[in-house]
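Taken in order, these protein sequences are the chains called S and L. Every letter in the first sequence is one number past the one before it in my numbering, and letter 166, counting from 1, is 166. Every letter in the second sequence is one number past the one before it in my numbering, and letter 71, counting from 1, is 71.
I should point out that these hints are in silico values taken from the structure, not numbers from a laboratory. Just to be clear, a hint being listed does not mean it is correct.
[As the list claims (entries may be wrong)] Here chain L is said to cover these stretches of chain S; the calculated rule only asks that three of the stretch's residues, wherever they fall, bring their Cβ under 8 Å from a Cβ of chain L: (1) 14–20; (2) 26–38; (3) 44–55; (4) 63–76; (5) 103–113; (6) 137–143; (7) 148–157.
[Claimed, not checked] Cross-link-like lysine-lysine pairs, in silico, DSSO-like; alpha carbons within 30 Å at most: (8) S:K34 / S:K59; (9) S:K81 / L:K59; (10) L:K161 / L:K81; (11) S:K81 / S:K34; (12) S:K59 / S:K161; (13) L:K81 / S:K203.
We treat Cβ as the ideally placed atom computed from N, Cα and C, and that holds for glycine.
Number of protein chains: 2
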Amino acid sequence: MSVPRIQLNPATVMAPVPVVLVSCRGPEGSEYAKPNLITLAWAGIVCSEPPMVSISVRKSRYSHRQIQESGEFVINLVNEKLLRQTDFCGVKSGRDIDKFAACHLTACPAAAMLHAPAVAESPLSLSCQVRQVLELGSHDCFIGEIVAVEAAADLMDEKNKLCLDRAGLVAYCHGDYRSLGSILGFFGYSVAGDEVLARRMPKKAARRSPAKGKKSD
Amino acid sequence: MSVPRIQLNPATVMAPVPVVLVSCRGPEGSEYAKPNLITLAWAGIVCSEPPMVSISVRKSRYSHRQIQESGEFVINLVNEKLLRQTDFCGVKSGRDIDKFAACHLTACPAAAMLHAPAVAESPLSLSCQVRQVLELGSHDCFIGEIVAVEAAADLMDEKNKLCLDRAGLVAYCHGDYRSLGSILGFFGYSVAGDEVLARRMPKKAARRSPAKGKKSD
Numbered sequence: 001m002s003v004p005r006i007q008l009n010p011a012t013v014m015a016p017v018p019v020v021l022v023s024c025r026g027p028e029g030s031e032y033a034k035p036n037l038i039t040l041a042w043a044g045i046v047c048s049e050p051p052m053v054s055i056s057v058r059k060s061r062y063s064h065r066q067i068q069e070s071g072e073f074v075i076n077l078v079n080e081k082l083l084r085q086t087d088f089c090g091v092k093s094g095r096d097i098d099k100f101a102a103c104h105l106t107a108c109p110a111a112a113m114l115h116a117p118a119v120a121e122s123p124l125s126l127s128c129q130v131r132q133v134l135e136l137g138s139h140d141c142f143i144g145e146i147v148a149v150e151a152a153a154d155l156m157d158e159k160n161k162l163c164l165d166r167a168g169l170v171a172y173c174h175g176d177y178r179s180l181g182s183i184l185g186f187f188g189y190s191v192a193g194d195e196v197l198a199r200r201m202p203k204k205a206a207r208r209s210p211a212k213g214k215k216s217d
Numbered sequence: 001m002s003v004p005r006i007q008l009n010p011a012t013v014m015a016p017v018p019v020v021l022v023s024c025r026g027p028e029g030s031e032y033a034k035p036n037l038i039t040l041a042w043a044g045i046v047c048s049e050p051p052m053v054s055i056s057v058r059k060s061r062y063s064h065r066q067i068q069e070s071g072e073f074v075i076n077l078v079n080e081k082l083l084r085q086t087d088f089c090g091v092k093s094g095r096d097i098d099k100f101a102a103c104h105l106t107a108c109p110a111a112a113m114l115h116a117p118a119v120a121e122s123p124l125s126l127s128c129q130v131r132q133v134l135e136l137g138s139h140d141c142f143i144g145e146i147v148a149v150e151a152a153a154d155l156m157d158e159k160n161k162l163c164l165d166r167a168g169l170v171a172y173c174h175g176d177y178r179s180l181g182s183i184l185g186f187f188g189y190s191v192a193g194d195e196v197l198a199r200r201m202p203k204k205a206a207r208r209s210p211a212k213g214k215k216s217d
């Protein structure tokens with residue numbers, strides 16, 4: 001069922017999007033060599049093999065120079081516990097303050113990074129090496145390859161499988177931070193067989209629609 | 001408070017990310033000139049001015065050729081009502097079936113697009129023109145400028161302000177579709193003044209932390 005639609009001005013109203021704490025540091029000896037944090041919602045996955053992400057940063061930001069000079073950044077996922085600090089790191093500049101100290105966060109060594117630290121309190125950190133920089137306008141888009149991942153040990157189940165649903169992650173939606181609600185389905189659930197549905201979505205399996213089929217690529 | 005961390009293999013574990021229905025069509029007269037849909041989670045915002053997005057699509061996908069040949073695509077946001085169709089469009093190929101027909105969705109003209117249709121049932125559609133294509137590996141990343149936006153009229157409030165929180169949007173998190181939960185804060189809430197907090201977050205204003213300050217860029 002479609003409803004009447006109206007036209008709005010072009011704007012970045014895609015939602016929900018991630019909200020992440022990016023940690024970075026300029027190369028040793030440079031004037032940018034202090035650990036820093038920047039909060040970004042302009043971030044996304046851009047490739048599976050190799051695993052790659054994009055983050056977009058204004059040229060005027062202190063972190064922009066750090067990432068450009070070091071060729072590195074770490075994406076730290078944000079849970080509800082980290083939200084106040086995350087918001088704070090989005091509105092303050094690392095030129096003026098030490099955000100790690102101001103937020104009582106810990107800059108720890110990040111796997112596979114020479115310069116950029118990780119946030120020890122984050123549930124999961126992605127160490128990224130810059131592969132390309134696109135100058136798009138207000139923002140430069142850094143395309144980074146994910147070269148290492150570190151996760152809080154308590155996110156692993158007894159089979160050593162990552163359970164990100166336990167992390168309490170936060171989404172960003174048109175100016176608001178939102179918690180994640182219930183699990184509505186899994187990738188492929190609309191064409192899954194009865195056995196898989198009964199195992200993974202016992203409640204929905206009972207009232208599934210008659211249409212089903214097989215996955216294609 | 002930090003917990004013990006373990007290292008995992010590099011992988012695309014950034015979360016939550018959007019899940020969107022992308023509609024596209026090859027140019028009139030080409031063999032790809034039928035309306036098609038593809039579900040993507042590898043999508044993000046990459047620039048504010050001009051407003052730009054990225055979507056990443058495997059070269060093997062039927063929609064890849066359509067987007068490449070037309071230079072256009074439409075990002076249709078996904079709400080809970082559209083989720084089953086959205087999942088279905090992520091596992092079936094437009095080479096084999098008419099996904100609009102199979103999903104009982106309506107391909108309607110999209111503002112500012114010559115070729116790509118929009119999904120009439122989506123709460124909000126972003127019409128995008130391709131500006132760059134990055135060949136990254138498994139996926140090509142299309143960088144698109146948002147040239148028009150259309151929203152369901154019932155998402156506008158009495159002051160004609162877009163209220164995306166009413167849309168019931170869905171996030172994608174490590175293989176699962178998740179509803180959006182409660183509003184935890186707004187951009188800048190950690191440094192907002194008492195008056196703003198009392199108006200926008202009456203519950204939190206009463207128990208805010210003592211740290212406050214002013215926004216910087």
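Out of the numbered hints, which ones does the structure contradict? 2, 4, 9, 12
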